[in-house]
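Go ahead and model the full structure; you've got the sequences and the hints to work with.
Protein chains in written order, with my numbering: chain L, 9 to 124; chain G, 19 to 128.
Hints are computed from structural coordinates only; laboratory data are not their basis. Glycine included, each C-beta is placed from N, C-alpha and C at the ideal position. Incorrect hints may have been included.
[Stated by the list, open to error] From the derived model, a few chain G residues whose C-beta atoms are all more than 10 Å from chain L: (1) S25; (2) S36; (3) G72; (4) E88.
[Said to hold, decoys possible] Computed footprint of chain G on chain L; a stretch qualifies when at least three of its residues, placed anywhere within it, have a C-beta under 8 Å from a C-beta of chain G: (5) 46 to 59; (6) 110 to 120.
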Amino acid sequence: ETGVTQTPRHLVMGMTNKKSLKCEQHLGHNAMYWYKQSAKKPLELMFVYNFKEQTENNSVPSRFSPECPNSSHLFLHLHTLQPEDSALYLCASSRGTGAASSYEQYFGPGTRLTVT
Amino acid sequence: EDQVTQSPEALRLQEGESSSLNCSYTVSGLRGLFWYRQDPGKGPEFLFTLYSAGEEKEKERLKATLTKKESFLHITAPKPEDSATYLCAVQGSGNTPLVFGKGTRLSVIA
Numbered sequence: 009e010t011g012v013t014q015t016p017r018h019l020v021m022g023m024t025n026k027k028s029l030k031c032e033q034h035l036g037h038n039a040m041y042w043y044k045q046s047a048k049k050p051l052e053l054m055f056v057y058n059f060k061e062q063t064e065n066n067s068v069p070s071r072f073s074p075e076c077p078n079s080s081h082l083f084l085h086l087h088t089l090q091p092e093d094s095a096l097y098l099c100a101s102s103r104g105t106g107a108a109s110s111y112e113q114y115f116g117p118g119t120r121l122t123v124t
Numbered sequence: 019e020d021q022v023t024q025s026p027e028a029l030r031l032q033e034g035e036s037s038s039l040n041c042s043y044t045v046s047g048l049r050g051l052f053w054y055r056q057d058p059g060k061g062p063e064f065l066f067t068l069y070s071a072g073e074e075k076e077k078e079r080l081k082a083t084l085t086k087k088e089s090f091l092h093i094t095a096p097k098p099e100d101s102a103t104y105l106c107a108v109q110g111s112g113n114t115p116l117v118f119g120k121g122t123r124l125s126v127i128a
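Put into structure tokens, the structure is as follows:
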């Protein structure tokens, strides 16, 4: 595997379900990110982890719960979601979060989430 | 607050018809401006980073330029495979996260 991988690629869940999204990066990076992408809106940053520590939580509702066990893996745990949470969820990684050169982010293919 | 505005929202070109996409930004202390390409159903693909006004970078038919207020992505003699959404993002000073624009959806017709 190379780059950034995400599973599953597609997910349909009911509002009472609990599911998890998984992201793995094979680039040796230290920072990982979750973004939400909805139609007609810019990418919305959700969470940032740097060396496994959460450094950014962009006022995300508690029904989204991230987990970063190491610098290569990132999870997004989902529970009691709302239909408006349906979107493409993208994971990204970068060398770091300091200088711009280390901020170049590389994205996974995303998980298309539909909440029914 | 850092802001990015991309125009046009959508652009339709004939194959071989050169054009430019615009990314206007306001940021306190630009540390980097990033261009990405995104194909439908896929994640954004990194293209360029520009760090200071006057800088230019090229890749195949794409050339990115930067001024103190905006960046242009010039597409020379585009081909249908250049059809995608092009995203612009900026990073300001103080370790702030990237701020993305809404993107320009480019369609190149054979």
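Here is what the structure says about each hint:
1. Separation of S25 (chain G) from chain L is adequate, the least Cβ-Cβ distance of about 14 Å exceeding the 10 Å criterion.
2. No Cβ of chain L comes within 10 Å of the Cβ of S36 (chain G); the nearest lies about 27 Å off, and the non-interface call holds.
3. Against the 10 Å criterion, G72 (chain G) stays outside the reach of chain L, whose nearest CB is about 16 Å from its own CB.
4. Listed as outside the interface, E88 (chain G) is consistent with that label: its C-beta sits roughly 17 Å from the nearest C-beta of chain L, beyond the 10 Å cut-off.
5. For the region 46 to 59 of chain L, the stated coverage by chain G holds: 6 residues have a C-beta nearer than 8 Å to a C-beta of that chain, and at least 3 were required.
6. Using a Cβ-Cβ cut-off of 8 Å, 9 residues of the region 110 to 120 of chain L lie near chain G, which meets the minimum of three, so the contact claim holds.
Going through the hint list in order, the structure satisfies each hint without exception.
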